[in-house]
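Those sequence lines, one after another, are chains A and B.
Per the working numbering, the first sequence starts with residue 1, numbered consecutively.
Per the working numbering, the second sequence starts with residue 1, numbered consecutively.
In case anyone wonders, no lab produced these hints; they're calculated from the structure.
Bear in mind the structure is a predicted one, so any value in this text is a computation, not a measurement.
Don't take each hint at face value.
Treat identical chains as interchangeable: a pair holds within one or across any two.
[Claimed, not checked] Okay, derived cross-link-like pairs now, DSS-like style, lysine-lysine, Cα gap no bigger than 30 Å in a straight line:
#1 LYS19 <-> LYS112
#2 LYS114 <-> LYS91
#3 LYS158 <-> LYS114
#4 LYS198 <-> LYS112
#5 LYS64 <-> LYS147
#6 LYS112 <-> LYS158
#7 LYS64 <-> LYS132
#8 LYS114 <-> LYS198
#9 LYS64 <-> LYS154
#10 LYS147 <-> LYS198
#11 LYS91 <-> LYS133
#12 LYS132 <-> LYS198
There are 2 protein chains.
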Amino acid sequence: MADRRGVITVISGFSGTGKGTLMRELMSRYDNYTLSVSMTTREPRAGEVDGRDYFFTTDENFEKMVEEGKFIEHAGYCGHYYGTPRDFVYKRLDEGYDVLLEIEVQGALQVKEKCPDALLLFVTPPSAEELKKRLEGRGTEAPDVIKERLERAKEESKYIDRYDYLLINDDLDRCTEEMHSIIQAAHAAPGRNTELIKTIIDSLYTIH
Amino acid sequence: MADRRGVITVISGFSGTGKGTLMRELMSRYDNYTLSVSMTTREPRAGEVDGRDYFFTTDENFEKMVEEGKFIEHAGYCGHYYGTPRDFVYKRLDEGYDVLLEIEVQGALQVKEKCPDALLLFVTPPSAEELKKRLEGRGTEAPDVIKERLERAKEESKYIDRYDYLLINDDLDRCTEEMHSIIQAAHAAPGRNTELIKTIIDSLYTIH
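Input sequences plus hints: build the corresponding full structure.
Following this line, the structure appears as structure tokens:
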């Protein structure tokens, strides 16, 4: 086990906000981060590697794992299951990695319920105008796709205040550094330093 | 009023932890910080300037201000009153400054009660051994002084988990940067961005 346990960090945000780019940038700059790997019951696609892109499994095994409480969040989508395996994430945290999970709002709230010390970050574009531009894409999107994105963003926006932090993605460099600061600051919460606090208190009572 | 309202940051910690040095270092590196100025009923000492070192006032005026709820924390010490004036701090916050308050534990908890979005930082030495060394001073302190510091530290240590963050002052440079990260991260909490969230939600509902 590492000196310092990692922090589970959940990243959500409106479609097109650049969450993936941010996470890649963060990982390229600092070596304390790692991505969570989801488990799914869908078939592997060409080039996908088991244990890297996903853990692939059967419906039967997935359902058994759900019953055993082995996911920190899971959902069904298009007839397949997707979930974040607890053991995999916890092993990484014990190794000292800050584990990044990109999940939508409902999954994020599941994680917070099961792991109250998870850090929830919501990424948004810098302004309403920019949000609109990104929702509409490059003008090549079909109207029903834009409508769907907008409806989804409306739904997601109701939950922003359930998140610990709101990140404005106006500039990749600035936003990456802010994200890093926020996650590193989380390591200093007393709840993540109970051993250290205990050591300090004990030492105060044993000094002569 | 500034673009971004400041964060009230309360700094507490065991005697000899270097809180003052940390705060001076933080202010010399970044220009978004300012110190709170306390009000007191004691006489000015030589060289002290009203409005810079303290706001000096009468017992009568102090007591009137207490009744009117004009302090975010106050206490009596050696026959004099000391308090943090709300209006002064709020003006600085509105100007965009992150306001630093060095206060002991009971005062810190008063601030948290009156200003729930205040950020509470507790600074400790890096280890039990180092704490002991600092409590004992340079070996020139009288035994009763050491004993008093130890008793006070024991009392303070009970409240560490009421703080938002625990800062280990092992290295001035590292600790200053960590403190800066923590305070800047606090700006990204949804509770400090209600206007922005409202703007985003409104814009989602008015896009056609």
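Results of checking the hints against the structure:
no.: 1; hint: LYS19 <-> LYS112; result: within (19 Å within a copy, 34 Å between copies)
no.: 2; hint: LYS114 <-> LYS91; result: within (16 Å within a copy, 41 Å between copies)
no.: 3; hint: LYS158 <-> LYS114; result: both (21 Å within a copy, 28 Å between copies)
no.: 4; hint: LYS198 <-> LYS112; result: both (26 Å within a copy, 23 Å between copies)
no.: 5; hint: LYS64 <-> LYS147; result: neither (37 Å within a copy, 59 Å between copies)
no.: 6; hint: LYS112 <-> LYS158; result: both (16 Å within a copy, 27 Å between copies)
no.: 7; hint: LYS64 <-> LYS132; result: neither (42 Å within a copy, 53 Å between copies)
no.: 8; hint: LYS114 <-> LYS198; result: both (25 Å within a copy, 29 Å between copies)
no.: 9; hint: LYS64 <-> LYS154; result: neither (34 Å within a copy, 49 Å between copies)
no.: 10; hint: LYS147 <-> LYS198; result: between (54 Å within a copy, 21 Å between copies)
no.: 11; hint: LYS91 <-> LYS133; result: neither (40 Å within a copy, 37 Å between copies)
no.: 12; hint: LYS132 <-> LYS198; result: between (50 Å within a copy, 15 Å between copies)
Figure legend: structure checked against the earlier numbered hints; hints not met, in rising order: 5, 7, 9, 11.
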